[in-house]
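S.K.: The primary structure of each chain is shown beneath.
There are 6 protein chains.
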Amino acid sequence: MTADVAQYLIENEPFYQAQEDEIDLYQAAYQARMPVMIKGPTGCGKSRFVEHMAWKLKRPLITVACNEDMTASDLVGRYLLDADGTRWLDGPLTIAARIGAICYLDEVVEARQDTTVVIHPLTDHRRTLPLDKKGEVISAHPDFQLVISYNPGYQSLMKDLKQSTKQRFAALDFDYAPEKIECEIICKETGTDAETASKLVKIGHTARNLKGHGLDEGISTRLLVYGAELIKQGIKPRAACRMALVRPITDDADIRATLDHAIDTLFA
Amino acid sequence: MTADVAQYLIENEPFYQAQEDEIDLYQAAYQARMPVMIKGPTGCGKSRFVEHMAWKLKRPLITVACNEDMTASDLVGRYLLDADGTRWLDGPLTIAARIGAICYLDEVVEARQDTTVVIHPLTDHRRTLPLDKKGEVISAHPDFQLVISYNPGYQSLMKDLKQSTKQRFAALDFDYAPEKIECEIICKETGTDAETASKLVKIGHTARNLKGHGLDEGISTRLLVYGAELIKQGIKPRAACRMALVRPITDDADIRATLDHAIDTLFA
Amino acid sequence: MTADVAQYLIENEPFYQAQEDEIDLYQAAYQARMPVMIKGPTGCGKSRFVEHMAWKLKRPLITVACNEDMTASDLVGRYLLDADGTRWLDGPLTIAARIGAICYLDEVVEARQDTTVVIHPLTDHRRTLPLDKKGEVISAHPDFQLVISYNPGYQSLMKDLKQSTKQRFAALDFDYAPEKIECEIICKETGTDAETASKLVKIGHTARNLKGHGLDEGISTRLLVYGAELIKQGIKPRAACRMALVRPITDDADIRATLDHAIDTLFA
Amino acid sequence: MTADVAQYLIENEPFYQAQEDEIDLYQAAYQARMPVMIKGPTGCGKSRFVEHMAWKLKRPLITVACNEDMTASDLVGRYLLDADGTRWLDGPLTIAARIGAICYLDEVVEARQDTTVVIHPLTDHRRTLPLDKKGEVISAHPDFQLVISYNPGYQSLMKDLKQSTKQRFAALDFDYAPEKIECEIICKETGTDAETASKLVKIGHTARNLKGHGLDEGISTRLLVYGAELIKQGIKPRAACRMALVRPITDDADIRATLDHAIDTLFA
Amino acid sequence: MTADVAQYLIENEPFYQAQEDEIDLYQAAYQARMPVMIKGPTGCGKSRFVEHMAWKLKRPLITVACNEDMTASDLVGRYLLDADGTRWLDGPLTIAARIGAICYLDEVVEARQDTTVVIHPLTDHRRTLPLDKKGEVISAHPDFQLVISYNPGYQSLMKDLKQSTKQRFAALDFDYAPEKIECEIICKETGTDAETASKLVKIGHTARNLKGHGLDEGISTRLLVYGAELIKQGIKPRAACRMALVRPITDDADIRATLDHAIDTLFA
Amino acid sequence: MTADVAQYLIENEPFYQAQEDEIDLYQAAYQARMPVMIKGPTGCGKSRFVEHMAWKLKRPLITVACNEDMTASDLVGRYLLDADGTRWLDGPLTIAARIGAICYLDEVVEARQDTTVVIHPLTDHRRTLPLDKKGEVISAHPDFQLVISYNPGYQSLMKDLKQSTKQRFAALDFDYAPEKIECEIICKETGTDAETASKLVKIGHTARNLKGHGLDEGISTRLLVYGAELIKQGIKPRAACRMALVRPITDDADIRATLDHAIDTLFA
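Protein chains in written order, with our numbering: chain A, 1 to 268; chain B, 1 to 268; chain C, 1 to 268; chain D, 1 to 268; chain E, 1 to 268; chain F, 1 to 268.
Isolated chain A (complex conformation) (with noise of 0.2 Å):
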């Protein structure tokens, strides 16, 4: 398979607003093409970074949502039955080391062992993927990086990378945006006014502080765009807070009243 690069070229700029230094110190990772394992809580802007790198450094993203059904073939590849007989398939992974794309995986601690251990290769100075089934042995394009995200709040000692995995990344810290910034993110993707914006960051800052005591996460950002977006369409703030911010993540009936409260308080 001629695998077309032009559609993974990410061809607008894709909105992202710095937090800290973490452009400049992805673009040294990048530089030495060095793994690159992105950190963080749900909903934060980890997808949004490394799309916006991927256009900044004008290189082809391949992006993976993994997951625990997810084999070894689903990245690297598979034989199918043609009318010619056999044919081999490049995945994702296989076909990113092929024309030096970003290739990310995407919660990558959701995938099977064996997905995890074929980038083993890929990922130290070796930098090639044996394609066993294939008996071909590729070496990466000299573009080629591999970046994965990796949810701390999630792991539990039944699923977590293992250390010969872990060792192959300098690793990202990402966290959601602080308040100012968050806003204008809310302001500049729904166009509401900042006033509005605010309060919605506001209920995400309590929601954020009741993560561990009875909420497995706070509200993500994209949640609070949700909200937003719903005002923008006529629904009352109220209404579009419940169902944009609070019925998603909890049925506690605690922490709904708790939420609620913040809301109506804000929206009075």
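All the given hints hold, so there is nothing to weed out.
Covered stretches of chain F (in silico footprint by chain E; criterion: 3 or more residues with CB under 8 Å from a CB of chain E, positions within the stretch not fixed):
#1 70 to 79
#2 125 to 135
So, partial list: chain E residues that the calculated Cβ filter (under 8 Å) puts toward chain D:
#3 Leu25
#4 Ala32
#5 Met34
#6 Ala72
#7 Thr86
#8 Arg112
#9 Asp124
#10 Asp132
#11 Gly135
#12 Pro152
#13 Lys166
#14 Phe169
#15 Ala170
These are calculated hints, taken from the structure and not from any lab test. Using N, Cα and C, we set each Cβ at its ideal position, and we do this for glycine too.
The hints should help you fit chains B, C, D, E and F onto chain A, whose structure is shown.
M.R.: Quick look at chains B, C, D, E and F alone, frame taken from chain A:
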């Protein structure tokens, strides 16, 4: 495969009795093409509501009943062996994304993780669906929307949506219709008289009060409609209620006695 | 595949002795095409009843013995590889929905969840069966009805129908026939004399009283018929009863002694 | 596939020494085509008895050694890919039902549930076998009979036949042959002298008395025959008994000492 | 497939030092074509003994290393898709039965139950192997014999042979060779001097005495041979012994210290 | 498939700094074609050592990263469907055995048992590899050698090599390089100055002392090299060390504080 859009359009208005502002809220979400999660107990009308909205919005509707044996390929598609080699067959989610349908994943929490993770890129700013096995990334049709249902009463530690999935949806809470509306539904659907309908609803409420005290779920509106239908077919109310309302939901002798007593009292 | 309707029609009236109003109740449910759940212990005549009703209603009957290895594809259908490529083969549920048969899923709780979920759209107002793998949605024939059986004595926390499945059925309770009727059944089926039949039924009752006190299930009517048949073949009653009634159901020495004693007393 | 009946016929009378009235009981059951369950410990002659009966009744015999990895398809049949597309291949149960053989499922409890459930319609008044994957329902040949074996000593909570399966069979209890008969079997099978056979049987009885006191099973008649054969080959009785009777069944030093002592005493 | 008998014949006499009367016992068993079970610890020469006997008896030998992922098909055979449709490929057990080889199933207890059950009809008076998937019953060649190995030290409640399998074999106990013979083996295999061999055997005995006191298994004869080979290659005895005898079998610091101390004392 | 030997040859000398006599020991083992097990923690240079030895011995090297989803077929080979029917494709182990390569199974303990058992006949006097599915027994090329790696820190009761596997290998213990050598490695690989390298190694030692006190593994030499590379790219040492040494290996706040403090002290 050229999907036949017509077969997914709902020709006749599905009967739906609004309870609150759920129609407005859903419409606002659809205008923003925001993914929606419908929460509520068994048989309270979640699927009917989605059908009604698809009819109202004149969008094709593709419903998938999720289950624990369903794989990502069941949603996305797979290769089939053909006379001319392998042929790709779009799955229901892919068809929906291509033709701009509303895709309704019923009881999504039953599915394996790869099913729930596969919807991620369709539910954020990307609105794409990577067909990894085909080496193609498709962009969702502008009219495409994803809706999932979720029964909070069922969830356990073992089976729940991941936070990274939950935080991609705005959510609407559903419950059984209020007494007056539920009576109207029964009359409208079966042609029974208001008095019979009212008695059936009273039995339903008796059962719903037992939820958590020996019953896993109350009696759904659907079973009340069954009771009315059996009565309409000439079965004595007491026998009809036992067959339609009590025998299906419990084998516990005490609960059965309580419910049978309520039936005998109402249909004395 | 053009299903051969004739092979599913029951030509001769299956012997069935009504116990209460179950025939009327079933007929009313069938008139409304309401899904029906038949509950009761092993060998009390559930399958025979469904066959009798199919014969009485002149509808083809398609029976599927469910088991824990059965997949949704076993019910719905699958692609087969043919000389001209792949060919779709309807499963028994699909055939039943197409030709308007009564589809009887015996011991449905044994099946995996995907089997039980696949029947959902056939058991509500939609009466449709989506063949996801074929990209086709079929509407059930107006005469189609779904019937399932369920043995409450077997259910455990691990294996039970989901409430969202239970609440799609009206239910009929079955039990072993009353003494007089059970004697008639044995005489009618084997040509034995009334006295022998009566003694066999008495042994059956002894065993059924031991249910829960060392026996998982009582002796079914079927085993009583076996006993009568062996006697008819010239085997001495005591040996016939041991072989047909006791040895199959238990290896517990005490229970065997109790039952053997009852046999020796009756056939002294 | 046209099954070759001849290969399933037993040409020469298999040696079988009746212990009680089991031959009459089996014949009566066969006349009524009643399914039969043979119960008893390992190596007591269950399979030999079934072979003998098949020879006596002049019916072909198809034996299947069940195991936990066997699927319903292994019994019923499956599609095979051929030069002209797919071709159906009958499984052993289907062949038996078609040609009127006795089908003997050895240690049926080892099989998965789908194997045991698939025999249900063959074991009641229907005497049919639905080939769901082929869309065909076959009626059993009038001479067809189903026989299963079952070792009560093995059953546990995890692995037992379902009551709905047990209650489809008449049952015969088997045990090791009485001393005199067992001696005759050994002499007849190996040509050894009566004294040696008698000593071997005595060792067998010593071991059988240890069952439940350190031994899971006693020494089977088959192992006694092995001992006699080794002696016939010129091996000293003490060494032959150790190799054939003791070493295979236990690694426990105490039990070995007890049995070795019995051997040394008898073959002093 | 026409199996090439020659490739299974052992051309050169495999070195084997008899310990007791095991050669006579095995020959007697082979004359009666009796199935044999070889019991003993890792690396004590079980496989070598079977090879030696196959060479002595001039029979082809087919060895299968069993493992928990091996299926019955891996032993019996399977259909392969060919240019002309499906083609049956005999498995190693089937080949052995056809050509009259000794079939040696190494560590049979590791295999799944279907593997062990599949050998039953080959190990009693029938000496047949039903190829269920092919609809063929093959009779074993008169020279065919089945041999299995079994390490009693490994067995647990979870993994043991079923009694109905054990009682089909005569059994031979194996253990490490006595000191003098083990020295001869080492000298013969490596050409080392008797003194070095004697010291190596002493270290082996030290380790074997620690079995059950911190070591799962002692040092096998094979590892002693490795030590002698490394010394022959010019490595200092102390380093050779650490590399060949200690490092492979344990990571426990205390056990290592004990063994290293023994090495340093002997090779002072 | 004709394997292309050239692609497995290592052209340029891989940088390897000997720590003790490991090169001599390995060479002696290779001269005897003795299987070797390399033991040691993550990232201490095991794979690099094997590459170096393959280069030094001028042998092709075939590396396989083992994982728990790998089957024996992944190592040995499998049939593929081709235009002309099925075609056998050698797996990496088979290729290595044919061409006389060193086959390196990295982290072999991760593999399923069938993978580890399949190597047995290649690791004793037989030096053969039976391709059961192909009905072929291949004899290893005289230059073939098997090497496996093993991280003792990972093993648990659930996952360990069987003794019958361990006792087929001579073993070499590896650990992180001594301070002076590790500095040289960092300077050589990144071109950084000795002072920076020395500080990085000190941080590594701080972390390695925390192993077992909150850290599963220390910081590997690879991560120290990453730190030096980021510094070379212009990143401030403190930020580089946090990104390369601390963030990848732990999310524990206390451990991070300890390591960050060590970094700030050294790069004050």
